[in-house]
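Read top to bottom, the protein sequences are chains A and B. Number 186 in the numbering used here belongs to position 186 of the first sequence; there are no gaps in the numbering. Number 70 in the numbering used here belongs to position 70 of the second sequence; there are no gaps in the numbering.
I should point out that these hints are in silico values taken from the structure, not numbers from a laboratory. Using N, Cα and C, we set each Cβ at its ideal position, and we do this for glycine too. There could be a bad hint or two in this list.
Looking from chain A toward chain B, a few residues come up when the C-beta cut is under 10 angstroms (computed) [said to hold, decoys possible]:
id, residue
1, His89
2, Trp96
3, Asn108
4, Pro191
5, Thr291
Restraint ranges, calculated between C-beta atoms of paired labels, are given here [stated by the list, open to error]:
id, chain 1, residue 1, chain 2, residue 2, range
6, A, Ile169, B, His92, 27 to 33 angstroms
7, A, Pro109, B, Pro366, 50 to 56 angstroms
8, A, Pro333, B, Ser99, 39 to 45 angstroms
9, A, Leu147, B, His92, 28 to 34 angstroms
10, A, Leu185, B, Gln446, 30 to 36 angstroms
11, A, Val67, B, Gln298, 51 to 57 angstroms
Listed below are several chain B residues computed to face chain A (Cβ distance under 8 angstroms; list not exhaustive) [what the hints assert, rightly or not]:
id, residue
12, Ser197
13, Gly261
14, Glu424
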Amino acid sequence: MTAMTAVQGEASGTGPFWRRPWRRPISQLTPVGQDERRPAGPRRSLRPWQRFRRAGWPYLFIAPFLVVFVAFSVYPMLFTLRLSFTRWHGTGLAQWVGLNNYAYLLTNPAFWASLKNSAALWLLVLPAQIVLALAIAVLLNNTALKLRGFYRVAAIVPFVTPLVAVAQIWVVLFDRDYGVINHILNLFGLPDVGWLVTSTWSKPTLALLFIWKTTGFIMIILLSGLQAIEPAFYEAATIDGAGRARQISAITLPLLRRTLMFAVVMQTLAVFQMFTEPYVVTEGGPYSSTTTAGLYLYNHINRADLGTGSANSFLLVIIMVGLSLVFVRLLRPKD
Amino acid sequence: MEHTTAKRLASAAGLVLAFSLATACGPPVTSTSESDSPTTSARTNPNRLQAPTDDSPSGEIIIWDRSGDLYEVFDAAIGKFNQKYPNITVRHEAVDIASKLRNTLITGTDVPDGVFLDDAYVAGYKDYLWDLSDVLGPYIDHIAPQKIGVNTIDGGIYGVPYDLDPGLLYYNEVALAEAGIDPNSIETYDDLLEAASRYKQYRPSAQPIHLEQGAWLGQLQLEMYANQLNTSMADADGNLRLDSAEYLRILTWLDGVSQQGLGTRAEYLSPSDIGYLESRDEVFYPWAIWFDYGPQAQLPETSGEWRAMELPAWQAGGARGGAMGGSSFILPKEGANSQLSWLFYEFLMFDEVGYTAVYGPNDVYPGGTNTSIPSYGPAADPAKPLFEPFAGLGYQDLWSVAVAAGQRIPGGNPTPTWWDGAVEYLGNNVQRMLDGDMTPQEVIDQSTADIQSNLIDRQ
C-alpha cells in the first residue's frame with residue numbers, strides 16, 4: 001500500500017522512478033484516503049509518457065504473468081478458434097469451411113450422445129459426492145475426533161494416486177466373470193453384473209471410480225470452508241438449544257454456500273472434461289456408452305480432424321461457461 | 001463522458017487486436033480444397049527418401065519404440081548395427097507413441113527419425129512421412145505383398161515393413177482330445193462351428209470359440225477374416241466396400257457363433273478371457289500369431305496344451321491365410337537424419353545379421369522373438385527358423401506353421417487413413433450384433449452410412 005501510494009504520488013517528481021518512491025520520507029507520501037489522482041491546484045494535461053510514468057508501472061509489474069497468459073492461454077484459444085472454421089489435418093493448407101464444423105457437430109447424434117453421457121455421469125457423481133464429501137468434512141472438523149490428521153491424509157490418498165494404476169485395479173475388481181465385486185454378489189445369491197461390458201452398468205461403475213478418486217479433494221475444499229466458520233456461531237446456537245442437525249442446516253450450509261459453489265463448479269468442469277477414466281477403463285465403450293464429452297473431443301484430435309476437434313472444444317467451452325454461470329447464480333450467498 | 005469514450009475506444013481496440021491475433025494464429029488457410037503439393041514426376045518427387053551415399057555415414061538418430069518387450073529386443077540389436085555403422089549413434093527412446101506422435105509431428109519439435117507404428121495407423125500419418133518407394137525398391141519383390149499393401153497410400157509406400165502377423169487358429173489340443181475331436185478335421189469355418197458344437201455337447205458349460213468383445217480388436221479380427229477373402233473395408237481409391245457378399249458372409253458366421261451360444265464374449269486376454277481359457281471352456285482362438293504370448297506368459301494352467309494351425313477356409317479349398325495387425329517403421333520428413341534412420345531399419349529388416357538379432361534368441365525371448373514372423377521373404381525361410389519351439393505350445397514347430405500361413409496371405413488390400421476412426425462405427429456395430437442388437441445386414445448398412453458421412457466425406 002505504501003509503495004503503491006508512493007508510485008502514484010510522485011508523478012511530477014524528478015529522477016528515475018526506482019530511486020524515488022522508497023526513498024521519499026513518509027511525510028511526503030499522500031495520506032491514505034486523500035484523492036491521490038487529483039492533487040490540489042490547477043489541473044494540467046499530461047503527456048503520454050508522463051501518463052505512463054504515472055500509471056503504467058503497475059502494468060509492468062504484472063507483465064510476466066500477462067506474457068505467460070497470452071502465450072499459453074490467449075494464443076492457443078485464438079488458434080483453436082480460427083482452426084474451428086477450417087478443415088485441417090495437421091499439415092499443409094487448412095481449408096476454410098466457415099461454420100461447417102459447428103453444423104456437423106450440432107447435427108451429429110454422437111456429439112449429443114457424448115454430452116448425454118457426461119450429463120448422466122454428472123448426475124451420478126455430483127449429488128452423491130458433495131453429500132459424501134460434506135459428511136466426511138464435518139466429521140473431520142470435529143475437534144473431539146482423535147487421529148484427525150491421519151484421516152485427512154487417508155482421505156486425500158486416492159486423489160494423489162496415479163489414475164492409470166487405479167483404473168487397472170478397477171478393471172480387475174469389476175470384471176464380469178472373475179472380479180471380486182461379482183464374487184461378493186454371488187455369495188449373497190445375486191447374479192453376475194456386467195459392470196464394464198454393458199451400457200447399463202458402465203456409467204455407474206465409472207462414476208464410482210470418479211467419486212472414489214476425487215471425493216478427498218472436494219472434502220479438503222469443504223473442510224477449509226468449515227474451518228472458516230466462527231465457532232462462536234455454534235456456541236450461540238448450542239446455548240439457544242439447537243441440535244447438531246439444526247446447526248448444520250442453519251449455520252454450516254448457509255455459511256458454506258460459497259465453498260459449495262466452488263466445489264460444484266470445479267466438479268462440473270471435471271466431469272465434463274473427464275477423459276482418463278473412460279479412456280483407460282472402458283475405452284469409451286461398450287457402444288460408446290462411456291464416451292464422455294472429453295473423450296469424444298479427443299477422438300477428433302486423435303484422428304487428426306483438428307478443425308472439428310477445435311469446434312467441439314469451443315462448443316464445450318460455451319456449455320461449461322453457461323453451466324458455471326447457472327451454478328454461480330443458484331449457489332451464490334444471499335448476503 | 002471522456003472516460004466512457006476512452007473505454008469504448010479501448011474495447012474497440014481490444015476487439016481489433018483479438019481479431020488480428022485470431023487471423024494471425026494457426027496454419028495458412030485456403031478457401032478451396034486445393035492441394036499444397038503440386039504433382040511431380042515420381043523420380044523428382046521431393047517426398048521420396050533417397051539412401052545416403054556417404055561411405056562412412058555418421059550422425060545421431062532418434063528412434064521411438066513403444067515400451068515393452070519389443071523395445072528391449074530392438075535395443076539389444078543396436079550393438080550389432082553399430083558394428084556395421086560405428087559412426088551412427090542411436091538414441092533409442094521408449095515412448096507412448098499413440099499419445100505423443102501426432103502432437104510431435106504437428107508442432108515439428110524434436111521429431112524422431114524413425115518410429116515403430118501399428119500398420120493400422122500408418123495411413124493416417126501419411127502427410128508427415130517420407131515416401132520410401134525408392135529406398136525399398138531393391139527389396140520390394142521379397143516383401144510380403146500384404147505388408148506392401150497396407151503401407152501403400154496413393155502410390156507411395158510410407159512404412160518399412162516390420163513383421164508379418166498371420167492369423168492362426170489356436171486350439172487346446174488336450175481339451176479337444178478329451179472330447180474326441182480331431183483338430184485336423186477342421187478345414188473350413190463350418191467345420192469349426194461343427195467342432196465347437198461337439199465340444200459343447202461334451203462340455204455343456206463351454207463357449208468354445210473366442211468372440212472378441214473389444215471394438216478395436218474386434219474390427220482388426222474382422223479384417224483378418226476379410227483379408228482371407230482378399231478384401232478389406234476400402235479399395236485402393238478409398239471407396240468403401242463393406243457392402244459385399246464377403247463381409248455379409250463373415251458377419252453371418254460370427255452372428256451364428258453368438259446365436260448358438262458357441263462363443264466366449266470377452267476382451268483379448270482380459271481376466272474373463274483368461275478364466276475361460278484356463279477352465280478349458282474356451283478352446284478355439286482364431287487370432288494373430290501373437291496370441292502365443294498367452295500360453296507363454298498368461299495361461300499357466302493350460303500352458304503346453306495349446307497348438308496352432310492355419311485358419312480354416314471360408315469354403316472348402318479356399319484361402320487359409322489372413323493377416324491380423326502388424327507393425328512397420330515410419331520415417332517422418334521432419335526428422336533430422338532420416339537417411340541414417342533408413343540405414344538402421346534396412347539393417348534390422350533386410351540384413352541377415354540384423355533380422356537374426358531381432359528374431360533370433362535374445363534376452364526377452366530366449367528362444368527367439370516368436371510373436372510374429374519377418375515380412376521379408378529371405379528372413380522367413382521355412383528351412384531356417386529364427387525362433388525355436390517353446391513349451392507354451394508343447395514345443396510345436398510354430399515357425400513352420402506361421403511361415404506357411406504367411407505365404408498364403410493375400411496382398412493388395414490397403415488400410416484406409418480413417419481405419420482407426422471406423423472403430424466407432426463398424427467396431428461398435430459388430431459388438432452390437434454379437435450382443436444380439438443388430439443383424440449382419442444392419443451392421444453393414446449402418447456402418448457404411450456412418451463411415452461415409454463421418455469419415456470419408458470429411459477427409
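Results for each hint:
1. His89: holds, 7 angstroms
2. Trp96: holds, 5 angstroms
3. Asn108: Hint on asparagine 108/A: holds, closest Cβ of chain B at ~7 angstroms, below 10 angstroms.
4. Pro191: Hint on proline 191/A: violated, closest Cβ of chain B at ~15 angstroms, above 10 angstroms.
5. Thr291: holds, 8 angstroms
6. Ile169/A with His92/B: 27 to 33 angstroms: holds, 31 angstroms
7. Pro109/A with Pro366/B: 50 to 56 angstroms: holds, 52 angstroms
8. Pro333/A with Ser99/B: 39 to 45 angstroms: holds, 42 angstroms
9. Leu147/A with His92/B: 28 to 34 angstroms: At 49 angstroms between Cβs, range violated.
10. Leu185/A with Gln446/B: 30 to 36 angstroms: Holds - the Cβ-Cβ distance for leucine 185/A and glutamine 446/B, about 35 angstroms, lies within 30 to 36 angstroms.
11. Val67/A with Gln298/B: 51 to 57 angstroms: The hinted range 51 to 57 angstroms holds for valine 67/A and glutamine 298/B, with Cβ atoms some 53 angstroms apart.
12. Ser197: violated, 22 angstroms
13. Gly261: Constraint on glycine 261/B not satisfied, violated at 16 angstroms.
14. Glu424: holds, 7 angstroms
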